[in-house]
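Visitor: Sequence:
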Amino acid sequence: MSKLPDFDPLLLETSKLTSLHPQLLPSVIRRIQKERKMRAFYALLSFVPLLVLSGLAWRSLQTDLESTGFVEYASLILSDFQAVLIHWQEFAFSLLETAPVVSIASVFAVLLGWLLALRFLVIYGSSLFSSSTSLSFHSSKS
1 MSKLPDFDPL LLETSKLTSL HPQLLPSVIR RIQKERKMRA FYALLSFVPL
51 LVLSGLAWRS LQTDLESTGF VEYASLILSD FQAVLIHWQE FAFSLLETAP
101 VVSIASVFAV LLGWLLALRF LVIYGSSLFS SSTSLSFHSS KS
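For the sequence shown, the positions run 1 to 142 when our numbering is used.
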């Protein structure tokens, strides 16, 4: 066989026992490495729109918090806690009525996008920055 990249010896032994073409295994491994690099590149590329979206979502949340009076209601907790305790149900409903739910949800959606992009970057990022020909298999239970 030709020079194979470093990977699991069990995989090499299995490939020797089969009647496959000797160049098939290196070809498959190169293709897997190429796909991992492309996925890492896409994960890096996804940070650009996420940066723009996070700025828009954060500014929308700030604007909605200023315009709805949510901050004024929430500041009552610090200024007049006894009144809040006495009228806690009315206070809770007032907070819920003035909460900018859509803006909060958009901030959380962008945060979820950041976390997913970071997850894919961690999973596939090592193949983007490494020039080795090694291939590792990760078993993950989902």
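Warning: the hint list may mix true and false statements.
To be verified - Label pairs and their calculated CB-CB ranges:
1) 80 <-> 104: 36 to 44 Å
2) 87 <-> 126: 54 to 62 Å
3) 118 <-> 32: 18 to 26 Å
4) 123 <-> 53: 36 to 44 Å
5) 45 <-> 86: 32 to 40 Å
6) 82 <-> 104: 23 to 31 Å
7) 75 <-> 118: 33 to 41 Å
8) 52 <-> 104: 15 to 23 Å
9) 78 <-> 104: 45 to 53 Å
10) 41 <-> 89: 50 to 58 Å
None of these hints come from the bench; they were simulated from the model.
In this text, a Cβ means the ideal position worked out from N, Cα and C, and glycines have one as well.
Visitor: Each hint: holds or not?
Guide: Hint check:
1. 80 <-> 104: 36 to 44 Å: violated, 25 Å
2. 87 <-> 126: 54 to 62 Å: holds, 56 Å
3. 118 <-> 32: 18 to 26 Å: holds, 22 Å
4. 123 <-> 53: 36 to 44 Å: The hint (36 to 44 Å, Cβ to Cβ) is violated, given that residue 123 and residue 53 are roughly 22 Å apart.
5. 45 <-> 86: 32 to 40 Å: violated, 54 Å
6. 82 <-> 104: 23 to 31 Å: holds, 28 Å
7. 75 <-> 118: 33 to 41 Å: holds, 34 Å
8. 52 <-> 104: 15 to 23 Å: holds, 19 Å
9. 78 <-> 104: 45 to 53 Å: Cβ of residue 78 to Cβ of residue 104: about 21 Å, so the range 45 to 53 Å is violated.
10. 41 <-> 89: 50 to 58 Å: With a Cβ separation near 53 Å, residue 41 and residue 89 satisfy 50 to 58 Å, so the hint holds.
Consistency with the previously given hints fails for numbers 1, 4, 5, 9, ordered from lowest to highest.
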